[in-house]
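With chain A fixed as given, assemble chain B onto it according to the hints.
There are 2 protein chains.
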Amino acid sequence: MVDAHNNNPLHQVVIVGGGFGGLYAAKALKKADVSVTLIDKRNFHLFQPLLYQVATGALSPADISSPLRSVLSKSKNTKVRLGEVNDIDPKGQKVMVGDEIIPYDTLIVATGAKHSYFGKDSWEASAPGLKTVEDAIEMRRRIFMAFEAAEKETDAEKRRAWLTFVIVGGGPTGVELAGAIAELANQTLKEDFRNIDTSEARILLLEGMDRILPPFAPELSQAAETSLMQLGVLVQTKTMVTNIENDTVTIKQGDSVRELASKTILWAAGVKANAMGKVLAERTGAECDRAGRVIVEPDLSIKGHSNIFVVGDLANFSHQNAKPLPGVAPVAKQEGEYVATLIQKQLKGETLPQFNYTDHGSLAIIGQNSAVVDLGFIKLQGFFAWLFWLIIHIYFLIEFDNKIVVMIQWAWNYFTRNRGARLITSQKPLIQVGIEDSNYYPSETAKQPLNV
Amino acid sequence: MVDAHNNNPLHQVVIVGGGFGGLYAAKALKKADVSVTLIDKRNFHLFQPLLYQVATGALSPADISSPLRSVLSKSKNTKVRLGEVNDIDPKGQKVMVGDEIIPYDTLIVATGAKHSYFGKDSWEASAPGLKTVEDAIEMRRRIFMAFEAAEKETDAEKRRAWLTFVIVGGGPTGVELAGAIAELANQTLKEDFRNIDTSEARILLLEGMDRILPPFAPELSQAAETSLMQLGVLVQTKTMVTNIENDTVTIKQGDSVRELASKTILWAAGVKANAMGKVLAERTGAECDRAGRVIVEPDLSIKGHSNIFVVGDLANFSHQNAKPLPGVAPVAKQEGEYVATLIQKQLKGETLPQFNYTDHGSLAIIGQNSAVVDLGFIKLQGFFAWLFWLIIHIYFLIEFDNKIVVMIQWAWNYFTRNRGARLITSQKPLIQVGIEDSNYYPSETAKQPLNV
Numbered sequence: 001m002v003d004a005h006n007n008n009p010l011h012q013v014v015i016v017g018g019g020f021g022g023l024y025a026a027k028a029l030k031k032a033d034v035s036v037t038l039i040d041k042r043n044f045h046l047f048q049p050l051l052y053q054v055a056t057g058a059l060s061p062a063d064i065s066s067p068l069r070s071v072l073s074k075s076k077n078t079k080v081r082l083g084e085v086n087d088i089d090p091k092g093q094k095v096m097v098g099d100e101i102i103p104y105d106t107l108i109v110a111t112g113a114k115h116s117y118f119g120k121d122s123w124e125a126s127a128p129g130l131k132t133v134e135d136a137i138e139m140r141r142r143i144f145m146a147f148e149a150a151e152k153e154t155d156a157e158k159r160r161a162w163l164t165f166v167i168v169g170g171g172p173t174g175v176e177l178a179g180a181i182a183e184l185a186n187q188t189l190k191e192d193f194r195n196i197d198t199s200e201a202r203i204l205l206l207e208g209m210d211r212i213l214p215p216f217a218p219e220l221s222q223a224a225e226t227s228l229m230q231l232g233v234l235v236q237t238k239t240m241v242t243n244i245e246n247d248t249v250t251i252k253q254g255d256s257v258r259e260l261a262s263k264t265i266l267w268a269a270g271v272k273a274n275a276m277g278k279v280l281a282e283r284t285g286a287e288c289d290r291a292g293r294v295i296v297e298p299d300l301s302i303k304g305h306s307n308i309f310v311v312g313d314l315a316n317f318s319h320q321n322a323k324p325l326p327g328v329a330p331v332a333k334q335e336g337e338y339v340a341t342l343i344q345k346q347l348k349g350e351t352l353p354q355f356n357y358t359d360h361g362s363l364a365i366i367g368q369n370s371a372v373v374d375l376g377f378i379k380l381q382g383f384f385a386w387l388f389w390l391i392i393h394i395y396f397l398i399e400f401d402n403k404i405v406v407m408i409q410w411a412w413n414y415f416t417r418n419r420g421a422r423l424i425t426s427q428k429p430l431i432q433v434g435i436e437d438s439n440y441y442p443s444e445t446a447k448q449p450l451n452v
Numbered sequence: 001m002v003d004a005h006n007n008n009p010l011h012q013v014v015i016v017g018g019g020f021g022g023l024y025a026a027k028a029l030k031k032a033d034v035s036v037t038l039i040d041k042r043n044f045h046l047f048q049p050l051l052y053q054v055a056t057g058a059l060s061p062a063d064i065s066s067p068l069r070s071v072l073s074k075s076k077n078t079k080v081r082l083g084e085v086n087d088i089d090p091k092g093q094k095v096m097v098g099d100e101i102i103p104y105d106t107l108i109v110a111t112g113a114k115h116s117y118f119g120k121d122s123w124e125a126s127a128p129g130l131k132t133v134e135d136a137i138e139m140r141r142r143i144f145m146a147f148e149a150a151e152k153e154t155d156a157e158k159r160r161a162w163l164t165f166v167i168v169g170g171g172p173t174g175v176e177l178a179g180a181i182a183e184l185a186n187q188t189l190k191e192d193f194r195n196i197d198t199s200e201a202r203i204l205l206l207e208g209m210d211r212i213l214p215p216f217a218p219e220l221s222q223a224a225e226t227s228l229m230q231l232g233v234l235v236q237t238k239t240m241v242t243n244i245e246n247d248t249v250t251i252k253q254g255d256s257v258r259e260l261a262s263k264t265i266l267w268a269a270g271v272k273a274n275a276m277g278k279v280l281a282e283r284t285g286a287e288c289d290r291a292g293r294v295i296v297e298p299d300l301s302i303k304g305h306s307n308i309f310v311v312g313d314l315a316n317f318s319h320q321n322a323k324p325l326p327g328v329a330p331v332a333k334q335e336g337e338y339v340a341t342l343i344q345k346q347l348k349g350e351t352l353p354q355f356n357y358t359d360h361g362s363l364a365i366i367g368q369n370s371a372v373v374d375l376g377f378i379k380l381q382g383f384f385a386w387l388f389w390l391i392i393h394i395y396f397l398i399e400f401d402n403k404i405v406v407m408i409q410w411a412w413n414y415f416t417r418n419r420g421a422r423l424i425t426s427q428k429p430l431i432q433v434g435i436e437d438s439n440y441y442p443s444e445t446a447k448q449p450l451n452v
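Chains as they are written, first to last, in the working numbering: chain A, 1 to 452; chain B, 1 to 452.
The following block holds chain A by itself, in its conformation from the complex:
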């Protein structure tokens, strides 16, 4: 592709990752005199802030996903490539996708984060996290299966374990999950079972610090905790998880240690950088922090490589505050848009001041009717915070049909206290119905399906 002016080949911008960082960078380059290639492992952009709603059966994956090709189809200078970047050659200025080589003049790496189990990777099988659509579908399956299992369980202790839900991590994700599961137990599913009373479910939210939602103002943390307690969630702060094994969570509060029997343990506690961080570090000599995030310059580039940028959860930007910017969607979005603007300025021989994140505030929802919103100068709680939360999330959904569908779904769920998307689906057939077996979840080693 050549540019219109002088038949020189266009400046090639390659973007790795179609999340908030990469996709908004691509959108901001729509009219630029560059050629853009966006590479992602998936064919869609995922609105991660609402993933917990898929996990709790309120929304479908497609309601919060936008096909990348569709979002960028009008960007005639942009092509989308489905694939996984396995290596980078900074000297040769190219990335490797399988056997294919894709050259770049400017590279933007925005591959995001994945869950961290603080070194205890064995916990992952027992305590899944929530980063991808498949994570959400699996979490959904476990949550709804737990009620099904409790319904047919005759042993009281085992039934209690099925009706005990433990969420590890008191940040926005954990708070939102806990609130949603409490609503399921106390409202949505109340009339659906005959042998159990779903409102007897225990939902525990465990947080290591002294309050939930640590980044928020203290009075909002308090308001959130009160709302959660009213919904029926048992909030346990200053509580560390020391082991997860055999459907048991070992927790430590001060000096006391105890065990909780739970068949449904959900992880919302830690993230670390996607492994692309290591690849970049090896290939460019970039430094990474302890979570594997790449430390970037004030303009989001890598030291010594002014044409390689890192944005989003993979980047550690510490030039504005004492601590690095948090791994949240608005940060990734602004960083992506900044880099896109910078590229265009640089092509004209101009420059920009260093990146500066405009913090519009934080928000977290606690069930229906209640949320906390920290805008710095204004703090909202309760009903108006909740309305604000809804509006902001609708606003930031990319595709217009998603906005409409999500609004309709939310209105429906609100007025009927129902959740329409609570399917239990699986790639494998539901093979395990003898629930006494602790290998409840379908796996290669579980019983083979009866050919019925």
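This list has only true hints and no planted wrong ones.
Copies of the same chain look alike in the list, so a pair counts if it fits in one copy or across any two.
In silico lysine-lysine, BS3-like type, Cα no more than 27 Å apart, as pairs: (1) LYS190 - LYS41; (2) LYS158 - LYS41; (3) LYS345 - LYS76; (4) LYS91 - LYS152; (5) LYS323 - LYS379; (6) LYS158 - LYS79.
Simulated from the structure, these hints should not be mistaken for lab results.
Chain B in isolation, oriented as in the chain A frame:
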């Protein structure tokens, strides 16, 4: 549970299967003086007629599914049991679900059908069918992956194979799939790719008989074929498939045999009874037909077992017409409702005339704006048939929120020619991006994911 009148234990009705037959039987028993247990492998009722829309990215699974507990939550005499029936004891009047025994006074078996490959079960891996949500998600994955693969394929012949879609079976499912894929190629995806022109895709619909939609009136079959050709589908009648192997379909037309290279082969050609048919036959001595369906009496019971009924796709009811009633949703629905009414009559010492199916007609849609509707005395085609098709399907969706969401989705898809639900999702991570490998689809034997 005892009845209100005389403290005798209530008559226990056990229903196996929550599809059109089983679920409508359960709904019709809501006010009856019986205790109902509905057993299903899944926790939701699936509106199968719209499954092809999930497979082609127009709707999400939840849009056409209704959680069984939710649908039946107001039926206080009804409990739902998630599980798989593996055996029946007609003498002891009980069914076995794993280790659990569930006794019945009346049993209704409504477990449906699965795909038949006419003895060539090896074809199934290459040519998936469309019966479950997981089938639809897998089909969706293959369809959209084919375009992605073509986009990066440099070899012209391989690219052609990626852009060749073969649908086997010219009944309503095959016709609707073919029409939807043609729309994808010629409209929805037209602007989304840069290296390929998606409208160059070849979509072939293969039918063994001399016309597609054989159950419809001949002029409607002709109208459907014309509409499909206008959409860009190559309809091949009197065409038998003799082999499917290695991304190649071998077809026989008259005496000539030829091979088609296609990476996406979809099966809509044959069904046979679910294996519960065999179980019933062995345990009750019931006769089955060649497709494994259980031959039933005029009141839908099994010969010699007046308290065991079979309804839906599993039943062969031949007391009305020369041929057995077709395996379609309205038949299953009416059969289920009939049995429910009969049970209530019998409890009062009364009876009913034999089952009589009221055929309200058949319909099939061909892309947007066109359908064929055969109501016997009236035949519709084109735009008004299409409107009628939409209204009927909305009407028969069970849950009100599904009706609203599907209407919104359809309106959106119609006006934007877009499809919002075209995610490629998988239980396993997308591990295979070197598409030259014929083992394209993730499987245990394919390359392990790079930990990126």
